[in-house]
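Those protein sequence lines, which keep their order, are chains A and B. Residue numbers 2 to 107, in this note's numbering, belong to the letters of the first sequence in order. Residue numbers 54 to 178, in this note's numbering, belong to the letters of the second sequence in order.
Calculated directly from the structure, the hints in this document are not laboratory data. If you're wondering where the values come from, they're calculated on a predicted model, not measured in any experiment.
Quick list of in silico lysine-lysine cross-link-like pairs, DSS-like style, CA-CA up to 27 Å: (1) A/K43 x B/K96; (2) A/K104 x A/K40; (3) A/K43 x B/K105; (4) A/K104 x B/K96.
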Amino acid sequence: AIQMTQSPSSLSASIGDRVTITCRASQYIRNDLAWYQHKPGKAPELLIYAASTLQSGVPSRFSGSGSGTDFTLTISSLQSEDIATYYCLHDYSYPRTFGQGTKVEI
Amino acid sequence: ELQLVESGGGLVQPGGSLRLSCEASGFTFSNYWMTWVRQAPGKGLEWVANIKQDASEKYYVDSVKGRFTISRDSAKSSLYLQMNSLRAEDTAIYYCARDSSPHLGGSWFDAFDIWGQGTRVTVSS
Numbered sequence: 002a003i004q005m006t007q008s009p010s011s012l013s014a015s016i017g018d019r020v021t022i023t024c025r026a027s028q029y030i031r032n033d034l035a036w037y038q039h040k041p042g043k044a045p046e047l048l049i050y051a052a053s054t055l056q057s058g059v060p061s062r063f064s065g066s067g068s069g070t071d072f073t074l075t076i077s078s079l080q081s082e083d084i085a086t087y088y089c090l091h092d093y094s095y096p097r098t099f100g101q102g103t104k105v106e107i
Numbered sequence: 054e055l056q057l058v059e060s061g062g063g064l065v066q067p068g069g070s071l072r073l074s075c076e077a078s079g080f081t082f083s084n085y086w087m088t089w090v091r092q093a094p095g096k097g098l099e100w101v102a103n104i105k106q107d108a109s110e111k112y113y114v115d116s117v118k119g120r121f122t123i124s125r126d127s128a129k130s131s132l133y134l135q136m137n138s139l140r141a142e143d144t145a146i147y148y149c150a151r152d153s154s155p156h157l158g159g160s161w162f163d164a165f166d167i168w169g170q171g172t173r174v175t176v177s178s
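Start from the sequences, fold in the hints, and give me the full structure.
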């Protein structure tokens, strides 16, 4: 199975900061990657698919980039409602695998 | 309103069985791939299984192969996960999700755009 490694595992930032989360695949996955936001007690939410396509309704401060093995999720200006854990998920082959998550705190 | 509602979770002894259900509303269920994702206590998300629109294709994570079976009933707009030979490590919140399967640049992608609220499964004696 393809392993997805996120970094950092957690980060602390201030409101308005630019935040960058990286996800590295153990092998080539083209651009078959999505990003999800997960808040405690709630269902995960789709942010980005196909590495860089913003899901409808998601604020434009979220963006994704990358292809091959290295990917990035960027929050251009961190807001209080962005406090959550973020996960990458590849869909290049089966089984799909998530990264271990990045917890974003203020 | 687009909605997925899971049910069927609970406490079960190791080696036991449980059947999770996920009822869809507000969209044409038969048009979509569907997925199960779980989160064990204190752990991250784990993709468990998915199923094609006509149930002709099903895929599983290795740790549940031979024990879990994903299925669907379009007449009832429902997705199921039959879980047998349950282990302590299957303890988790189980979410169902709709895959909108966007088509971009000649390729299909996964995009889990609608999720249920989750149902808790506890495997313990």
